[in-house]
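When you get a sec, could you build the whole thing from the sequences and use the hints?
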Amino acid sequence: MKIVVCIKQVPDTKGGVKFKSDGTLDRGAMLAIMNPDDKAGLEAALRLKDKYGGEVTVVTMGLPKADAVLYEAIAMGADKGILVTDRVLGGADTWATSQTIAAAIKNLDYDIIITGRQAIDGDTAQVGPQISEHLHIPVVSYTEEIMDVDEGNRTVTVKRQFEDRYHILKVQMPCLLTALSELNPPRYMTPGGIFDAFDQELTVWGRADLKELADENIGLAGSPTKIAKASDKVAKVKDKTKIKNLDSASDDADYIFSVLEETHVI
Amino acid sequence: MDFALDRKHEMARNLFRDFAENEVKPLAIDVDETEVFPRDTVTKMQKYGFMGIPIPKEYGGQGCDPLTYTMCVEELAKVCATTAVIVSAHTSLCADPILQFGTEEQKQKYLVPLAKGEKLGAFALTEPGAGTDAQGAQTKAELVGDEWILNGSKCFITNGKEADIYIVIAYVPEDTREDKRGRKQKRFSAFIVEKGTPGFTFGVKEKKMGIRGSSTYELIFQDVHVPAANLLGTRGKGFALAMHSLDGGRIGIASQALGIAEGALDRTVAYVKERKQFGKAIGQFQNTQFVLADMAARIEAARYLVYKAADAKANQSSYSVEAAQAKLFAAETAMEVTTKAVQLHGGYGYIREYEVERMMRDAKITEIYEGTSEVQRMVISGALLA
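Taken in sequence, the protein lines are chains R and Z.
Offset between the first sequence (1-based) and the working numbering: plus 77.
Offset between the second sequence (1-based) and the working numbering: plus 2.
Calculated directly from the structure, the hints in this document are not laboratory data.
Because the structure is a prediction, the values reported are computed rather than measured.
Any given hint could be a false lead.
Stated by the list, open to error - With a cut-off of at most 25 angstroms between alpha-carbon atoms, the simulated DSS-like pairs for lysine-lysine come out as follows:
hint : chain 1 : residue 1 : chain 2 : residue 2
1    : Z       : Lys46     : R       : Lys126
2    : R       : Lys95     : Z       : Lys275
3    : Z       : Lys10     : R       : Lys142
4    : R       : Lys128    : R       : Lys247
5    : Z       : Lys182    : Z       : Lys239
6    : Z       : Lys366    : Z       : Lys27
7    : Z       : Lys49     : Z       : Lys59
8    : R       : Lys126    : R       : Lys247
9    : Z       : Lys275    : R       : Lys91
10   : Z       : Lys197    : Z       : Lys46
11   : R       : Lys236    : R       : Lys126
12   : Z       : Lys163    : Z       : Lys142
13   : Z       : Lys197    : Z       : Lys118
14   : Z       : Lys207    : Z       : Lys163
15   : R       : Lys183    : R       : Lys288
16   : R       : Lys79     : R       : Lys128
17   : R       : Lys128    : Z       : Lys49
18   : Z       : Lys27     : R       : Lys91
19   : Z       : Lys197    : Z       : Lys210
20   : Z       : Lys366    : R       : Lys157
21   : R       : Lys91     : Z       : Lys10
22   : R       : Lys95     : R       : Lys303
23   : R       : Lys91     : R       : Lys128
24   : Z       : Lys118    : R       : Lys126
25   : R       : Lys126    : Z       : Lys49
26   : R       : Lys157    : Z       : Lys59
27   : Z       : Lys10     : Z       : Lys49
28   : R       : Lys128    : Z       : Lys46
29   : R       : Lys126    : Z       : Lys59
30   : R       : Lys157    : Z       : Lys49
31   : Z       : Lys111    : Z       : Lys46
32   : Z       : Lys118    : R       : Lys128
33   : Z       : Lys275    : Z       : Lys27
To be verified - Distance ranges between label pairs, derived from CB positions:
hint : chain 1 : residue 1 : chain 2 : residue 2 : range
34   : Z       : Arg41     : R       : Asp156    : 32 to 40 angstroms
35   : Z       : Glu355    : R       : Ala298    : 53 to 61 angstroms
36   : Z       : Thr45     : R       : Asp328    : 48 to 56 angstroms
37   : R       : Pro262    : Z       : Glu376    : 44 to 52 angstroms
Backbone N, C-alpha and C fix where the C-beta goes; we use that ideal spot for every residue, glycine too.
In structure tokens:
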């Protein structure tokens, strides 16, 4: 079984978000990590490999230093890493990004593609499903659990999170799944895995290696999204706190329900 | 001279830091309080290869260098000195001597499961009457047919009851020689002894000031039959083997001491920003700032000595002086930094919940075991005056 996992290097928002004077993210001033949903997707792929065998290839698009997430993925157990990087691909929105990554994946053999649900920097959740559209394969987003793989009939059974319930879906391979960070707690790297990863040569693809990609769909120029303004200011909400001291927990509960009813919340 | 870590060592440090923060730190107070060996943590460390970091892959290890191993012990010690010494004693004092001195059969039988973490290792040199003065050792080994018969006892053995494989140093009475002045000089040999060998039992569990979760026991040998094939290294050269192993061990303890000091500084920096007196955070007082500066500068100096010793182990056949300097300085740094950390915490520093209290207790042992600070000074000055 051949599994491709799409991963992204993102700024670690745990240490706070830093902006440049022009309002764009100051990525250099923030620690870079593998996007948590992508890491859960990688863990799902590695578990499939542990159970069914096969090969896990990780793909990332970004600056040359984004190779760090490929090394990390290989140190966790992935077999190969592909870095898609080129100046002309820079400034891509979700449309241009998904076009580019889909073009890279067209160079590969695959049965299952796994992406994270969304990245913690953009939070769009669009790239995974868009890749599946470009590749004309089925997609299941918000995958909570990969329940079974039937290699004979080439199907995957997954549990999909859906508001207050979940769906169990059987999908034909090849397919694309977008993973939730709750899917699997990711494994740690091993020290020897790290040393091996840095001994391995990564595959680096530029624009010229992506044959099935139209020039109008790449980079900033190929991105229909235009950002009018970015801000780290959180909108202030008028404090509507009500403080009321009551005698018992049940009085508290009655009071909370009465307020919720008054405000038409319930 | 490059003082920056390369990318793979940087990534390895992040791995150890994440593991320590997520898996080890939450248990540290409990491990100290209950004095229970953290077996589940050891199982997790086995899963991720932490028990064989500097051992070559062909013997089941991770194939990394001494610096990587050093950083692992350091990061563990930042949050839990007990967990750090379990890895250090296992790796430096049991797996490494078998790698350096073992036969191919011994490596396959003992080193491979040790490096994979399937078995835990320990090293038994110290006796009730023999610490720094090795000649006082009473544990003896006699060759009868194709077996060695061991009798005696060892004390203060780290990983004592939890280990599976022990390196035991004993003297062979018939090898005793007279020195130039006519004094009898015992000659020692090293043996690999498996847990469960008849006659090999455990005595008292030591109740310690610090590293309270590590299993520190007395080992008792009563007519313990060990196959002749379990002689480690050359007969009569056990003392040199022990000293060489301790050179490596001292780098591990130096890393532990460094980590304890770093952990104490981290907590103190956080505390002085929060703690308010006279209307401002105590970090705004110059006394606090000067003490913090001294702590940080000593830690940085200790770190370079420890990493230099790790580099010497990777590239030199002898690294006794580097190891002794690293251990001496890092251990005294740990004691000084943790003492100052407690002082800056004031009354809260004396309370267990604030952890610097535990770190100060943990730090003390690094000045004592695997050669006291006085022994390290003997090693360093001995080389100067040789």
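Hints and how they fare:
1. With a C-alpha separation of about 21 angstroms, the suggested pair Lys46 (chain Z) and Lys126 (chain R) falls inside the 25 angstroms cut-off, and the hint holds.
2. Proposed proximity of Lys95 (chain R) and Lys275 (chain Z) is supported: the alpha carbons are some 22 angstroms apart, at most 25 angstroms.
3. Restraint check for Lys10 (chain Z) and Lys142 (chain R): the C-alpha separation of about 14 angstroms stays at or below 25 angstroms, so the hint holds.
4. Proximity of Lys128 (chain R) to Lys247 (chain R) is assessed by CA-CA distance (about 19 angstroms); at most 25 angstroms being required, the pair is judged to hold.
5. A distance of roughly 19 angstroms separates the Cα atoms of Lys182 (chain Z) and Lys239 (chain Z); the hinted pair therefore holds under the 25 angstroms criterion.
6. Distance check on the hinted pair: Lys366 (chain Z) and Lys27 (chain Z) sit about 20 angstroms apart at the alpha-carbon level, within 25 angstroms; holds.
7. Between Lys49 (chain Z) and Lys59 (chain Z) the CA atoms are separated by roughly 15 angstroms; this keeps the pair inside 25 angstroms, and the hint holds.
8. About 19 angstroms separates the Cα atoms of Lys126 (chain R) and Lys247 (chain R), which keeps this hinted pair within 25 angstroms; it holds.
9. Using a Cα cut-off of 25 angstroms, the hinted pair Lys275 (chain Z) and Lys91 (chain R) holds, with the two alpha carbons roughly 19 angstroms apart.
10. Distance hint between Lys197 (chain Z) and Lys46 (chain Z) is fulfilled; the C-alpha atoms sit about 22 angstroms from each other, no more than 25 angstroms.
11. For a cut-off of 25 angstroms, the pair hint linking Lys236 (chain R) to Lys126 (chain R) stands: about 19 angstroms separates their Cα positions.
12. Under the criterion of a C-alpha separation no larger than 25 angstroms, the hint pairing Lys163 (chain Z) with Lys142 (chain Z) is consistent with the structure, at around 21 angstroms.
13. The suggested pairing of Lys197 (chain Z) with Lys118 (chain Z) holds, with an alpha-carbon distance near 18 angstroms, which does not exceed 25 angstroms.
14. For the hint linking Lys207 (chain Z) to Lys163 (chain Z), the alpha-carbon distance of about 9 angstroms falls within 25 angstroms, and the restraint holds.
15. Restraint check: the Cα-Cα separation between Lys183 (chain R) and Lys288 (chain R) comes to about 9 angstroms, which is no more than 25 angstroms; the hinted pair holds.
16. For the hint pairing Lys79 (chain R) with Lys128 (chain R), the CA-to-CA distance comes to about 13 angstroms; that is within 25 angstroms, so the pair holds.
17. Between Lys128 (chain R) and Lys49 (chain Z), the direct Cα distance comes to roughly 17 angstroms. Compliance with the 25 angstroms bound is thereby established for this hinted pair.
18. Simply put, Lys27 (chain Z) and Lys91 (chain R) have alpha-carbon atoms about 19 angstroms apart, close enough for the 25 angstroms limit, and the pair holds.
19. For the given pair, Lys197 (chain Z) sits about 24 angstroms from Lys210 (chain Z) by alpha-carbon distance, which is consistent with the 25 angstroms threshold.
20. Taking the CA atoms of Lys366 (chain Z) and Lys157 (chain R), the gap is near 47 angstroms; set against the 25 angstroms cutoff, the hint is violated.
21. Between Lys91 (chain R) and Lys10 (chain Z) the CA atoms are separated by roughly 23 angstroms; this keeps the pair inside 25 angstroms, and the hint holds.
22. Proposed proximity of Lys95 (chain R) and Lys303 (chain R) is supported: the alpha carbons are some 21 angstroms apart, at most 25 angstroms.
23. Simply put, Lys91 (chain R) and Lys128 (chain R) have alpha-carbon atoms about 33 angstroms apart, too far for the 25 angstroms limit, and the pair is violated.
24. Restraint check for Lys118 (chain Z) and Lys126 (chain R): satisfied, since their Cα atoms lie roughly 22 angstroms apart, inside the 25 angstroms limit.
25. A C-alpha spacing of about 17 angstroms is found between Lys126 (chain R) and Lys49 (chain Z), which places the hinted pair at or below 25 angstroms, so the restraint holds.
26. For a cut-off of 25 angstroms, the pair hint linking Lys157 (chain R) to Lys59 (chain Z) stands: about 21 angstroms separates their Cα positions.
27. Distance check on the hinted pair: Lys10 (chain Z) and Lys49 (chain Z) sit about 20 angstroms apart at the alpha-carbon level, within 25 angstroms; holds.
28. For the proposed pair Lys128 (chain R) and Lys46 (chain Z), the alpha carbon gap of about 20 angstroms is at most 25 angstroms, so the pair holds.
29. Simply put, Lys126 (chain R) and Lys59 (chain Z) have alpha-carbon atoms about 22 angstroms apart, close enough for the 25 angstroms limit, and the pair holds.
30. Taking the CA atoms of Lys157 (chain R) and Lys49 (chain Z), the gap is about 22 angstroms. The hint holds against a cut of 25 angstroms.
31. For the hint pairing Lys111 (chain Z) with Lys46 (chain Z), the CA-to-CA distance comes to about 23 angstroms; that is within 25 angstroms, so the pair holds.
32. As the CA atoms of Lys118 (chain Z) and Lys128 (chain R) are separated by approximately 22 angstroms, the hinted pair is consistent with the 25 angstroms bound.
33. Between Lys275 (chain Z) and Lys27 (chain Z) the CA atoms are separated by roughly 21 angstroms; this keeps the pair inside 25 angstroms, and the hint holds.
34. Separated by about 33 angstroms at the C-beta atoms, Arg41 (chain Z) and Asp156 (chain R) satisfy the suggested range of 32 to 40 angstroms.
35. Distance hint for Glu355 (chain Z) and Ala298 (chain R): a CB-CB separation of about 58 angstroms, consistent with the stated range 53 to 61 angstroms.
36. A beta carbon spacing of about 49 angstroms between Thr45 (chain Z) and Asp328 (chain R) agrees with the range 48 to 56 angstroms that was offered as a hint.
37. Between Pro262 (chain R) and Glu376 (chain Z) the beta carbons are some 47 angstroms apart, a value that agrees with the proposed interval 44 to 52 angstroms.
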